[in-house]
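J.: When we follow this note's numbering, the leftmost residue of the sequence shown carries the number 7, and every step to the right adds one.
If you're looking for bench data, these hints aren't it; they were derived computationally from the structure.
Using N, Cα and C, we set each Cβ at its ideal position, and we do this for glycine too.
Treat each hint with caution, since some may be false.
To be verified - Taking CB as the label site, the calculated pair distances span: (1) Leu-49 - Val-191: 30 to 40 angstroms; (2) Gly-30 - Asn-69: 24 to 34 angstroms; (3) Asn-104 - Asp-170: 19 to 29 angstroms; (4) Glu-59 - Asp-137: 17 to 27 angstroms; (5) Glu-142 - Gly-68: 15 to 25 angstroms; (6) Glu-59 - Asn-189: 18 to 28 angstroms.
Claimed, not checked - Using 35 angstroms as the maximum straight-line C-alpha spacing, the simulated DSBU-like pairs for lysine-lysine come out as follows: (7) Lys-156 - Lys-22; (8) Lys-175 - Lys-58; (9) Lys-180 - Lys-58; (10) Lys-87 - Lys-58; (11) Lys-175 - Lys-87.
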Amino acid sequence: ARNQYTRIESYKDILKSENQIQDGSECILFAFFEPDAKYDQQLKKRAEQKAKEYLTKLPYSGNAMKDELDDIFVTYIVGDKEFAKEQNFTITYPAYGNILLNDVARFFYFRFVSEVSLSCAYFEDTPPLGDYVRVELTENQKAQILTIFKNSQEAQNVLTDNLDVVAVKFPNAKEKVAEWKRNQVWQDKHGKRVNDDSLQKYQQLDNQLYSNLT
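Sequences and hints are given; from them, build the entire structure.
T.: Dropping the structure here:
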């Protein structure tokens, strides 16, 4: 875990050096991918159709920056688990992790985590991160980040010969997490009220009175 944090801070320091970010606690995800990745085009078409069920802002909807990110088939993300730990929630299974579990997130990662969840579940068991912008990296910055990643433990399970990287910032992520946590608390309290003995007794009495009247 300490190595993970050392690495994410190293990545962010590379961005700070060019004044692309000011605050090291900002939510920045570094996405590693193969530019010429081969995948089943039919699977991607199916994911585009399924995206209509889960996303309000559909892939390839006219924003040039986001449309470019829609073409990235993410291999690995650095920054999601670290952000989750900082914000005191857990990612059970990363959104990009399995095409069979979630093809929408696998093909359109940034849109999915923006609107739905950081995990591969099709519901908010982790918070969405809100709107996002791409941080433009120089070739030198990319080379530095790729060197750090290729020397990391995680890279042992990733083909690293032809990797590229993008950095994506979620400026409203902390607010989205706070909103999600408030909703979780409200749902928990509502559930407890529904299961409260006194409420159940009141409902039984109400039903009995209604039966007597009819």
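J.: Looking at the structure, which of the earlier hints fail to hold?
T.: none
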